[in-house]
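**Student:** So the protein lines, in turn, are chains D and Y.
Heads up: the first sequence begins at 0 in numbering that gives the first Met the number 0, then just goes up one per residue.
Heads up: the second sequence begins at 0 in numbering that gives the first Met the number 0, then just goes up one per residue.
Because the hints were derived from the structure by calculation, they are not lab data.
Errors might be hidden in some of the hints.
Sample of chain D residues with no beta-carbon within 12 Å of chain Y, all distances over it, derived [unchecked claim]:
1. A44
2. R48
3. A52
4. A56
5. Q107
6. A145
7. S161
8. P172
With the C-beta cut set under 10 Å, the calculated list includes, among others, these residues of chain Y facing chain D [to be verified]:
9. I9
10. R48
11. G132
Glycine included, each C-beta is placed from N, C-alpha and C at the ideal position.
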Amino acid sequence: MAGDPPLSPDWVTLNAYVDGELSPGEHAAVAAAIASDAELARRVASLARLRVATAEAFAAEIDGIAMPSVPASAIRPRYRRAGLAAAAVLALAVSMLAWWTLDRPDDQALQAHLGWAAAPEHSVIAAAQRGAIEIPDLADAGLRVAHVAATGDTMHIGYLGSRGCRVSLWVTPDDEVRTRRDERQGDALIARWSYGGHSYAAIATGMPAARFAVIASSLEQATIERRMPDDATRLALQSGRDQSAPCLG
Amino acid sequence: MPPQDRERLIATLPQLTAYALALVRGAERARDLVQETALRALGARNIPREPAAFRSWLFAILRNAAIDAFRRERLEAGEPAPPPPIPWPVDDSRIAAITVRQGLAALGPEAREILVLVDVAGFTYAEAAEFLGVPTGTVMSRLSRARAAMLAAIGETTVHPLRTRHGR
């Protein structure tokens, strides 16, 4: 059933809010409106979810396409369609480049992840602050909780896979609502979002980007909607692990 | 093209492919378009150094290649349609990969283009405006209209994502 579009803030402004494109003053005004209007908050959540789902839909479409080969020069290839071998070489080149261009960490979350990633596998699980945050389950991705460290209001959850993969979830208090932003710092893949009083950063190193995207989406789903992954996400988590190589770091 | 720029080009191929998929229908045509873009980039003399400029430069090459290749099909769709009514309240459980794909398929190239630029490639509004040669306000209206169309399409689709499993 079609209803009336939101009146205040208007639809264009809500989109800009979700995209982080408002000025600080405008952002604060919208945030205040959201805080006092549950329906508005729902609409923002719908927009944020749509934004993530759109990126995932394109990512899934791209996954089915072998990237074209890029010759060393502008000489046009006789055959336009690269084979799987070329795609594999391309993927290797991309991953090696990412490994080679490792940046120094510049934020606390990434430093915590890198510190834990370099630690022995038998890390200690500290007492988790139950009630502050539900620890998402990544068992379908072959990852188990191997490390929980809480300092004040900040929590670092480390997930460990059987093939060396490590994923961190860094949680800090945050009253803002921010849609997910993905970034890469050297070899580290990072996804950040804020919702429900917390800011989250999912981090992995040496993991195929496609697999990390699925894991980050699952963590986001778990933290925003406070529910277990749906069947499609669980299947994607399992498939992502089955189809990916062991992690590099 | 220097080796480091070639590597930057290779790293951008997935984003370029998403953009190509927004402009043309079919994986094969999209792939050919990216291939053509790569070849044009490799033959370029002046290559932007700054990462955002480099990305915009590649996207512009792809857009020009698409216009050259498909000019007869009128890439520009003309006047955009008025925004559809948004089916509030939106059932969030319907916003899933399968319904979003259906929604994307129902959009025109202009709407798909702005969604890829902002949601997939990470262009800011200002970057998208400069890239498209339009005011920032136009980017905002195009993007909000595209998302409204997506939500409307998702609300109307008969396809339902898998039910959520509770209690695990």
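**Student:** Taking the hints in turn, state whether each one holds.
**Tutor:** How the hints compare with the structure:
With a cut of 12 Å on Cβ distances, D/A44 falls inside the contact zone with chain Y, its closest approach being about 7 Å. Against chain Y, the non-interface label of D/R48 is violated: not every CB pair exceeds 12 Å, the least being about 5 Å. The claim that D/A52 is not at the interface with chain Y is violated, since a C-beta of that chain comes within 12 Å of its own (minimum 4 Å). A beta-carbon of chain Y is positioned within 12 Å of the beta-carbon of D/A56; the least distance is around 4 Å.
Residue-level check passed: D/Q107 sits 23 Å from the nearest beta carbon of chain Y, beyond 12 Å. For D/A145, the condition that its CB be more than 12 Å from all CB atoms of chain Y holds, with the nearest at approximately 20 Å. The Cβ of D/S161 sits about 20 Å from the closest Cβ of chain Y, beyond the 12 Å cut-off, so the non-interface label holds. Chain Y leaves D/P172 outside its interface by the beta-carbon criterion, the shortest separation being 25 Å against a cut-off of 12 Å.
The interface hint given for Y/I9 holds, since its Cβ lies 5 Å from the closest Cβ of chain D, which is under the 10 Å cut-off. The interface hint given for Y/R48 is broken, as the beta carbon of that residue sits about 15 Å from the closest beta carbon of chain D, more than 10 Å. At about 19 Å, the closest approach between the beta carbon of Y/G132 and any beta carbon in chain D exceeds 10 Å, and the interface hint on this residue is violated.
In this structure, the earlier hints numbered 1, 2, 3, 4, 10, 11 are contradicted, and the remaining ones agree with it.
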